[in-house]
Amino acid sequence: MMPTNVSITGPKNLVQCKVGYLDPEYIESGMLTIKSDVYSFGVILLELLCGRKPMIISQDEDEVNLVRWFKTNLEMGMVDEIFDPCLTDKIAPECLSEYVKIVANCVKDEGVERPTIEDVLGSLKYALQLQQNWEYFKELV
Numbered sequence: 001m002m003p004t005n006v007s008i009t010g011p012k013n014l015v016q017c018k019v020g021y022l023d024p025e026y027i028e029s030g031m032l033t034i035k036s037d038v039y040s041f042g043v044i045l046l047e048l049l050c051g052r053k054p055m056i057i058s059q060d061e062d063e064v065n066l067v068r069w070f071k072t073n074l075e076m077g078m079v080d081e082i083f084d085p086c087l088t089d090k091i092a093p094e095c096l097s098e099y100v101k102i103v104a105n106c107v108k109d110e111g112v113e114r115p116t117i118e119d120v121l122g123s124l125k126y127a128l129q130l131q132q133n134w135e136y137f138k139e140l141v
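Residue numbering for the sequence shown follows the UniProt record's numbering, beginning at 1 and increasing consecutively.
Hints are computed from structural coordinates only; laboratory data are not their basis. All C-beta atoms in this analysis are idealised placements derived from N, C-alpha and C, irrespective of residue type, glycine included. Hints should not be assumed to be uniformly reliable.
As the list claims (entries may be wrong) - Simulated crosslink set (DSSO-like; lysine-lysine; CA at most 30 Å straight-line):
#1 K53 <-> K90
#2 K90 <-> K71
#3 K108 <-> K71
#4 K53 <-> K71
#5 K125 <-> K138
#6 K101 <-> K90
#7 K53 <-> K101
#8 K108 <-> K138
#9 K90 <-> K125
#10 K108 <-> K53
#11 K125 <-> K108
#12 K125 <-> K53
#13 K71 <-> K125
#14 K101 <-> K71
#15 K108 <-> K90
#16 K101 <-> K138
#17 K138 <-> K90
As the list claims (entries may be wrong) - Label-pair restraints from in silico Cβ distances:
#18 T33 <-> L74: 35 to 43 Å
#19 V64 <-> L140: 38 to 46 Å
#20 V141 <-> V19: 23 to 31 Å
Between the sequences and the hints, there should be enough to build the whole structure, so can you do that?
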């Protein structure tokens, strides 16, 4: 089992990161990119969605990477298993769908497939707009 804090030394930098937030490309290549930050931010967004830490303990006491758990559930079409139950009836279905897409794009294995942080911001603003519209119309009913 790896420690929860990992220090990785590169030629010019020292990277300290908690396991679960680190870009898989960095682990393989030792190179940090702007898209590495997008991956880490995606993990934070995923934590907010799930209400879980980046490393979770499974029923059989094994550590499971939250991103892998998310991707597996998403591939199996089990979106209801992903989000924190306390969000039920508090988040617009369209907003939830958009948010899941944002997270899925941020935590792609290949950095070139991830959006820019500016694109993430634009998508989050759109998700917020969906949520606000839903709340507005919900109040009218």
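Worksheet item: Checking against the hints above, which ones are violated?
Response: The structure conflicts with hints 8, 18 and 20, although it agrees with all the remaining ones.
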